[in-house]
Amino acid sequence: MRTPAFILVLTAVAAALYFAFNYVGNDYLFFAGYTVLQYIVLATAWNILGGYCGYVNFGSAGFFAIGVYTTVFFHTVGQQIDTLMPEFLVAPMQLIFPLPLPILIVLAGAVAGLVGLGMGYLTLRLRGVFFAIATLALTVVLETFIVNWSFVGGSRGAYVIPPNEVPIFGHFIQFLFALMLALVILALTTARLIERSKLGVGFATIRDDELAAEASGVPTLRLKLVATVVSGALMGMAGAPFPFYIGYVEPASAFNLSYAVNSIAMPMIGGTTSWVGPLVGALLLGTLQQVATVTISSAVNLLIVGLLLIFFVIIAPRGIVGLVQDWMRKSRKETKS
Amino acid sequence: MEFDLLINAIIAGLMLGGFYAAVTAGISISFGMLDIVNIAHPGFIILGSYIAYIVNVHFGVDPILIAIVALPGFYLLGSVIYQVYYQSFEKRGQDSLRGLAFFFGLLFVTEVSLNLVFGVDYRSVDVPYIGGSVSIGAMEFPVRMLVPCLVSLVMFGGLILFMSRTFIGRAVMAVSQDPQALQLMAVDPIRIKRIAFSISIATASMAGAFLIIIQPVIPSAGREYIGRVFAICVLGGLGSLPGTLIAALMIGVIESITSTFYGPSWAPAVSFGLLLLTLAVRPSGIFGR
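One line per chain: the protein sequences are S and U, in this order.
Under the working numbering, read the first sequence as residues 5 to 341, first letter to last.
Under the working numbering, read the second sequence as residues 4 to 292, first letter to last.
I should point out that these hints are in silico values taken from the structure, not numbers from a laboratory.
Just so it is clear, CB atoms sit at the ideal spot from N, CA and C, and this is done for glycine as well.
If a hint is listed, it holds; no wrong ones were tucked in.
Here are a few chain S residues that sit away from chain U, every Cβ distance over 10 Å (derived from the structure):
(1) THR7
(2) ALA24
(3) THR193
(4) LEU203
(5) GLY204
(6) VAL205
(7) GLU218
(8) LEU225
Listed next, the stretches of chain U that the computed footprint assigns to chain S, with coverage defined by at least 3 CB atoms under 8 Å from CB atoms of chain S:
(9) 114-126
(10) 232-240
(11) 273-284
Label pairs and their in silico Cβ distance ranges:
(12) U:VAL87 x S:VAL13: 38 to 44 Å
(13) S:SER154 x U:TYR132: 34 to 40 Å
(14) S:PHE155 x U:VAL64: 45 to 51 Å
(15) S:ASP213 x U:TYR132: 54 to 60 Å
(16) S:GLY161 x U:GLN218: 22 to 28 Å
Using the sequences and the hints given, assemble the complete structure.
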């Protein structure tokens with residue numbers, strides 16, 4: 005399928021989903037759906053670096069939180085224009101602020117991408133393990149930084165009150181849901197494009213044998229940086245609408261370890277070699293967690309995710325997609341013979 | 004006055020560094036010598052803290068004594084984990100990506116399980132010497148820091164002696180360099196690696212007891228040690244125990260000075276900064292081979 009057709013199909017599915025939810029008319033569906041969609045974006049983003057290049061990023065929560073706090077930052081700036089800006093700037097700034105959410109998403113993507121670039125440049129020249137460790141530590145340090153930065157709320161947290169109604173979409177959560185759908189389309193299309201381009205082939209050589217790739221002239225460092233930036237930017241974009249979704253942000257919720265765990269577990273469980281894997285994993289695990297949170301408890305559902313991750317990594321290294329492929333190959337052989 | 008503050012910050016840092024040495028010892032063995040990136044190690048340290056806590060609350064035994072009694076249990080746990088790791092990843096030759104995810108899963112499962120059992124409240128032990136302090140002139144030595152630091156240094160010294168003097172210790176050092184040569188000496192590298200990994204997990208029992216003497220513990224406390232522990236390990240040079248000790252003392256002092264003069268909430272950022280700097284400038288560490 006060509007890319008424009010692919011986008012068209014995705015958009016049709018997204019629109020169908022939106023109108024189906026709208027038809028049911030229950031706001032909770034939108035709230036729960038938003039979380040699942042957010043995980044699809046995170047898992048797909050993680051997989052661009054982790055699955056295609058084989059570089060593990062434990063800092064998804066950090067990149068996500070960069071997006072969250074970019075929104076909080078500009079929101080706070082928008083509220084204090086009179087005190088922050090010199091007088092002649094107040095009038096034009098009041099025209100610009102408050103920034104619309106789509107622009108905030110782009111800004112968040114840019115900031116998160118830049119952080120990814122900086123970190124990648126420092127650590128990607130070494131063995132993959134060092135990059136993984138650095139991303140782990142990155143979350144802790146960013147959290148330290150945010151806790152100490154009172155402008156965006158510090159450890160107290162910050163309130164971001166969403167408007168009640170939005171034109172066209174009606175209730176605000178429906179607007180957020182539609183935005184997240186758009187982000188999902190963007191993430192999936194990006195992942196699929198990368199997979200089928202020269203870039204994806206380059207990524208695969210890095211994953212399979214980096215030394216050999218380097219020796220045959222693949223610009224490994226540059227490719228790895230591209231992957232880190234794209235992946236980080238998508239994670240940041242996924243985080244940008246979060247303050248409006250939840251209304252009150254504090255470091256502990258924005259940097260929650262469950263984002264890091266889920267964005268690793270979902271591709272691993274779904275399968276890391278293609279864009280389908282993270283999608284399947286996120287849909288399954290995300291929905292399961294929404295159900296488990298309501299019926300059991302949120303701590304137990306995190307335990308389930310952790311155990312599933314360990315289980316799949318040991319038993320089914322190629323994830324659900326791999327299992328299905330094996331099963332299809334087997335049944336094809338049987339029909340032939 | 005300012006000078007007294009600095010001296011005391013340095014002393015507190017040295018004692019903190021002694022404790023960090025115990026925390027890093029396990030990683031220095033597993034990551035430095037065996038090339039197993041055990042990021043779940045801090046999780047096992049917290050597990051050690053909670054074992055010390057639960058026995059201490061019920062029977063009033065000293066946490067360090069509890070940790071020593073728990074050593075065989077942790078050793079066994081280490082053996083089991085290594086066996087799973089070897090069978091599922093090392094043997095198949097795909098240990099990097101999935102092995103990392105495996106240990107990350109272990110870290111997470113440990114933390115969430117502790118959360119479910121003990122809740123998210125801070126827990127602390129009750130030991131008679133926790134409040135006391137020894138002072139020499141203007142220098143203050145709080146006993147709750149001094150005891151873990153001293154025991155940790157003894158343990159670390161023992162590890163260094165074990166690695167350099169005994170046959171198994173030397174075999175561990177050899178397995179990281181040339182497992183095939185080891186096989187020619189009729190030594191099973193897998194067995195040596197299992198022993199070494201089990202020892203590394205066993206150190207978590209001690210480090211856990213030290214941690215809960217020094218400060219109250221919550222299940223998620225392990226996370227802030229990940230960056231620190233790997234920073235120390237890399238800074239000290241992978242696989243070098245004496246280097247690790249010196250790096251641990253250095254990070255302890257730098258963190259202590261930072262929190263004395265700039266506020267304790269900045270301390271976690273110090274080790275990360277140093278880690279990035281080391282990786283960027285000299286990835287083999289200060290005392291690297």
